[in-house]
Amino acid sequence: MRFVKKFLILLFSFLGTLFFCELFISSAKIAELSFAEYYDDIGKGLLKSREFVNFNEGFSILSTNEYRFVGDVVSKSKPKNTIRVALIGDSFVQGAQMFERHTLSRIMEDNLRLKSPNKVVEVLNFGRAGFNVGHMYAYQKLLIEDFEPDYFIYFLSKEDLVSDYSFPPLLPRTDIINDSLSISINVETSELNKYQNTKFLTQNFTFFNILNACRYKVNQGETGGILFGKFYSKPQIKIIESEHVFEFDPITSKIFENLSKNTIIINSNASILPIKVEEKCVENGLLYWDMTYCFDELQKSGIIFNEWKATNKLGHWNQYCHQKLGIEIANKLNHLLDESD
Amino acid sequence: MLFNSFVFFFFLSIILPIFYALPSKKSKNIFLLICSYFFYGYWDWRFCFLLLTSTIIDFIIGEKIFSSSSDNKRKWLLRLSLFTNLGILCVFKYFNFFIENFKTIADNLNFKLDFIHLNILLPIGISFYTFQTLSYTIDIYNKKIKPTNNFVDFALFVSFFPQLVAGPIERAKTLLPQLSKKLNPSFTQIKQGITLIILGLFRKVMIGDTAGRYVDHIFNDLSLYKSIEIIAAIILFSIQIYADFSGYSHIARGTAKLLGVELMKNFEQPYFSQNIAKFWRRWHISLSTWLRDYLYFPLGGNRKGLSRTYLNLMITMLLGGLWHGASWNFVIWGGLHGVYLILYKMYHRFQSKKNSKSKLINFGNYILTFFLVTFTWLFFRSENYESTEMIFSKIINWETSEYFYLFLRVICSYLVVVFSIDYIEYKYGHTSVLKLKSNLVIIGILSGLFLVTLMYMFQADSLPFVYFQF
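Chains as they are written, first to last, in the working numbering: chain A, 317 to 657; chain B, -12 to 457.
Chain A on its own, in the form it takes in the complex (with noise of 0.2 Å):
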């Protein structure tokens, strides 16, 4: 008996000191709560109508709307004499280290609403993190086209054209059965039981999305490292460079091929994509944008796309990159709403 109240005081002391932590934590945004959720129609997504504050290699502020995207509140359906541009893509597009007014749909949004006050012009951003070209589809087909986009704007590098879903899970998956591409959500038993046994947890105790973060470090092979400093030499990985000649996945290329005509691709990284995507666009009749020259430029002004100075890492797009390519995208659509008048 005496050792149960020993074991409780302890116990209870315990809890109470992680508790105090835990309400400092989550109300100074030291570390967030989970912002995903698991929806039957979408998979793995955002939640509905949330501030959500994240600190990497940039700061970020992001909130989403009642749709799940980050963005402002906007009707689903839409309104006359609105054009509507949807960029989808992966973290970069989604602006995941930075604040929301300076994404690069905020700031496209801002520069063709400049442009053309004539006009009225939305910008959504459906940009997600993880994502690749199979995600991105399926996203289409699965939530984006509800939204009556007039163009769709797939930011893409050459990563992303290979529809590999292996990580992360519970995402929207394109697949290829009986040679037509089919939607569905990537829903492993397993995986989705292991996210709803600790949604509880993570989305309401900061304590365990930290837990998380040190079990991605130790998955990423840096515990060494964190742990004895200068004394831990990193196994050096032998870099095999090889003369890889591009080839499309058969899904990728099965989603070019059904990709609607008001489709716009663009690289989203400083290297300029394989030659056989402009092809591909060209041949499926889609605009093919290549951007490296804003990067190239960037570059050339002092400015490393991807560098984070207040943390001194490299890693997404940062602030001037967005506003780069917000407004050389802008100039571009505007040129085509122009044209289309």
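Treat each hint with caution, since some may be false.
Derived PhoX-like pairs (lysine-lysine); straight-line CA-CA distance at most 20 Å [as the list claims (entries may be wrong)]:
no., chain 1, residue 1, chain 2, residue 2
1, B, K130, B, K51
2, A, K592, A, K570
3, A, K550, A, K629
4, B, K133, B, K160
5, B, K422, A, K322
6, B, K424, A, K322
7, B, K424, A, K321
8, A, K394, A, K435
9, B, K160, B, K131
It should be emphasised that the hints constitute simulated quantities derived from the structure, not laboratory data.
Use these hints to put chain B onto chain A, whose structure you have.
Same frame as chain A, now just chain B:
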């Protein structure tokens, strides 16, 4: 080696058992000296030679001053000590600053001077150990202490790793006697040491570093942020620098206790000060008392009339500002504190004739002091004049942020936590947790705080201590 890194705990876990097992005072001190040089050399081993040079010079000069009977010779030896120590400091810390300013003046007078701009790396902790060794020779000169004839003890006094890189700036009269005896930590010291390390680590990592992330991002590109966001960054910097430095001092004191050494308190709840004079008696105590004893008093202190007192205060604060770094921003920061102190002295002369003070006025004084101090941090943190100008412009031309309430909430959260911890420490002392009656509750609280801090440390990058750059 950072206190807030796992490597430090790895280092500590290796050296402590060996230290405890060593039998004699001599072996313990030699071992600690080697560990201290290893700790320092972990950043850059080349700076160990600088540390050693400073140590040898002051050890010899201290002995010579003491043994010399001629006042003139003693004076020259002191000058030699000041010249070498301050010379090293000037070359490594202020050389480029002076050259740049000289060049600017020459440019304005149409003289084109192409001085060499040396790319000198600032040795970490140089300002701290220079002041520490200086106080040794000055105290010998003033016949306040006798020099030690044990080089190992003296070298350990200069390089003692818990306080080597960011203080507290210990005096020879308090630290040397401890090092000249066999270091034997008591059980109470070990308990207090562990407690101070955990509390300090929590303060540094969970409060200082996390507030610092907001500060770093916002100060990095002020043009991107709106008024409330910039105000938040200024207030959070005020919290960051306090949590960071007081957290460091806690860990330093805690680590020293584990080795059986008592270091001085460097902070006594400075943000609970009712006026700026009290603030300086509670903030970075080891530096402010050093400046008082070795600069303000020798200048005449308050013994040479009112206007001379004001001048002495101003000189002390300006040099105190410059001690922090080779930049005009630090001079402005020190100057502002000098102005505050002078104004307070003036006000105090008038105020002392009146007696009663209501609680409301007292509370107002706390707020006013915090506000004034926080305002000066702006100059401390700004990288250049343009940044400071932009901050003022952004605050005056108020822009509403869509995240107003979010930032308000963040500011309040930090203020509540920092002031709550401070209030508990104010009431019950720095190791207040140990005052609780139940040992189990103490273990529960400390292990909870330690676990949260370790987990955060594991997943986030360790930020260096702000005061390391000084």
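Hint check results:
no.	hint	verdict
1	K130(B) to K51(B)	holds, 13 Å
2	K592(A) to K570(A)	holds, 14 Å
3	K550(A) to K629(A)	holds, 19 Å
4	K133(B) to K160(B)	holds, 9 Å
5	K422(B) to K322(A)	holds, 19 Å
6	K424(B) to K322(A)	holds, 13 Å
7	K424(B) to K321(A)	holds, 16 Å
8	K394(A) to K435(A)	holds, 14 Å
9	K160(B) to K131(B)	holds, 8 Å
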